[in-house]
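Use these hints to put chain B onto chain A, whose structure you have.
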Amino acid sequence: MAVTRRQHRWWRGPGAVLAALLVGAALGAGPAGAAAFRIAVGIDPDTMDPVQTTTTTVGNLVDYTVETLTTIDEAGRILPLLAEGWTVSADGRQYTFRLRPGVRFHDGSPFDAKAVKWNFDRLIDPAVRVPIRAAYPIEKTDVVDPLTVRVTLKHPYAAFLGALSSTTSGLLSPASAAAPGNDYKNYVHIVGTGPYTLTERRKGESLVFARYLAYWGRPTSYESVVVRIVPEAATRESLLLAGQVDLIILPPLADVPALQRNPSLKVLLAPSDRTIFVAINTRKPFLSDRRVRQALNYAVDKAAIVKNVLFGAADPMDAPMASTLFGYCRTGAYAHDPTRAKTLLAQAGIKPGTRLQLLHPTGRYVQDKEAAQAIAGYLREVGLVVELQTMDWPSYVATISTPAERNTTQLHFLGWAPPFLDASQQALQFLSTYAPPGGLATSFYANPEVDRLILAAEQELSPDRRRSLYCEASKQVWEDAPWVFLWVQRFPIVYSAKVTDVGSLPNEKFAAVHARPAR
Amino acid sequence: MTTLRRYLAERLAGAVVTLLGVSVIVFLMVRVLPGDPARVIAGVLASEEEVGRLRSQLELDRPLPVQYGSFLLRLARGNLGVSARTSEPVTRELLGRLPRTVELAVVSSAIATAIGIAAGVAAAACPYSIFDYLLSMATLSGVSMPVYWLGLVLIIVFAIDLNWLPAAGAEEPASIVLPALTLGAFSMALIARMTRSSVLEVLGQDYVRTARAKGLAERAVLWRHALGNALVPIITAVGLQFGALLGGAVLTESVFGWPGLGLLLIDSIFARDYPVVQGIVLTFSALFTLTNLLVDLLYAYVDPRIHYG
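These protein sequence lines map, in sequence, to chains A and B.
Counting from 2, one number per residue, gives the positions in the first sequence under our numbering.
Counting from 313, one number per residue, gives the positions in the second sequence under our numbering.
Same shape as in the complex, but just chain A:
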């Protein structure tokens, strides 16, 4: 039966509705004004309260509004920010900070020693939730004069200045605790001294920051910064390609080569502090043998996985920590050498066909599942039969952090990013007392000499001697191989070529506060 003219009318209706929707929508679409710098991230902040932050991206956003006493530059060096300078007592327990004069919080209240004391007292107050409190062994804080504050530590702690650069120690206006929605234990509306004020937050949707005109530091270019929450990596990429945002982090990794070829975009594969490794349960039969652990390291071709699975967005590890940390020294490399791996396995009495279980998360780290499959393939080449197993992240953490006597894991894929750029935070992974349940050193590695070196370095005040202690510990750890040392991740940031002055910090943060339109 032919479709008659009259019958055609029936489907004109829906077509018209659709067309009207699209045209009407198109009229309202298009990029916002150049006055706003638009960013898309994948995470909706669980908190904006600096002391409660645990995620780097959330810290990155809080940093627009809240500042710290110290900061780091692109090379990871510690620099003054709200502190103009400092002195450290001979015993390493007292830090006296000279504060920057003339700084005010966004609510007009003065930034002074009293405000610093209030914030540091809150940081150590057990009534306030502070997940990374262990990085701040503060005993007390004293106001010396309005612009001088003295912090006394429970014990010497050379990494303290580094810890103070972390968002966790961001300084809020004490007066703003009484602002609507805020209370001492939980800040929702943060008021700091930074270049932007947080003016609007729509949960799961966006955050809007407005330029703070009375900012004490270098003026910023954009009147506002709009951060959109877009969990899907492919959708973030689409927003950038459509010109609807100016900067995104973590695009789909497989698309990085294409993004690099796109002349309207710039791609930064920023160095980071996140090491990716396979933790070896050193308490398990035959994995307690160092030769076996070294064999696993020789068996895996890290460079090939970086090139083919991670599309170049990583660097094979050459030490048990990232080169961006204070205390790093190059310790060597386990080159891909299957013959040597087989020899070591034979020396340790491991027969071909020996079974191993490799646990890995899916979607927690960049290309984690694909990398685990590649690793399993390399281990099979040296005669091991590897069974891959995955689970969701909460179950994963519970499984790998089960105390040694009940822990059933053999190998597990993991990433570790220190909260600030100091070897002390990475060295925790090799400290025997940080093994579960005391911490998350999930390889249960224990070497009394390494423990001694790490603890000595933590309290050592001379930077050179500290570096040397960490270097010595690193060499021993590398030799003992409690991990299959894989790679240090790079942090992909992609932004429009219409924007310039975008950089990165080596702790997986983008540095775009001073971004400006390219000429």
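Derived pair list, reagent style SDA-like, types lysine to any residue, alpha-carbon separation capped at 20 Å:
#, chain 1, residue 1, chain 2, residue 2
1, A, K204, B, T595
2, A, K186, B, R404
3, A, K476, A, P464
4, A, K370, B, F582
5, A, K141, A, R123
6, A, K186, B, Q369
7, A, K267, B, I472
8, A, K476, A, E450
9, A, K204, B, I578
Hints listed in this document are in silico derivations from the structure and should not be mistaken for laboratory results.
Chain B only, in chain A's frame:
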């Protein structure tokens, strides 16, 4: 009490029992999942002491029946507890997101219903024509296409290539178009197929032949007589689909970064934020139950032969 009122009271009492059952299932389900929520919320860098403190704050160190009892008591007062992740009241978290999800479900439902019914009636008016076959193909695609894939295709075409529409978010009025089309595609196809078969069946009835014989315009025959009498199964499909749209929004919201309950549900499940997961599932269940009730009541309105009592 009138018959309708009694029917309503019975149905509402039934809904409360259903929701109680749902609350038990959800309460137990989230707790039998492995993984320590306190550790997940505090982060891998938190000390055991901090994790222990959080566990106690969340009452996770208390026996399950005590936790459930305390949950029910709070629920009776309209208090769904406090989010473990954000330390904010769950009710506030939910109310902040619910309008977005309802907005998306209503718009996609409206699009799906309008286009689905119109296309279904048109196909029934000219069965086995080219248009009918094309529609069959389109509806088959609609019910078969994965939401994730369809969403990305729409983004590539309308946001990147044509630059007509926002690719994601909910900042502009136009932002709803792509997620609504994506979410509504399945329902649209289903409603079109249901309408086509339902109307086609009615068109074969004697009274339709009589209507045509007395010279009624084809439009009146189709819309007033055929569609009017074919509405009951269509309303059932639309009603059920509306409930499904609320739940189906989870994936669409994720693809388009649409800040509704679905996105919050995903975040909360991964973060083991029990209070929020419970709150969202209860809300979805309540909306689903309410929609079913409304559909049942609508039957009597569109078809006078149906009575309750």
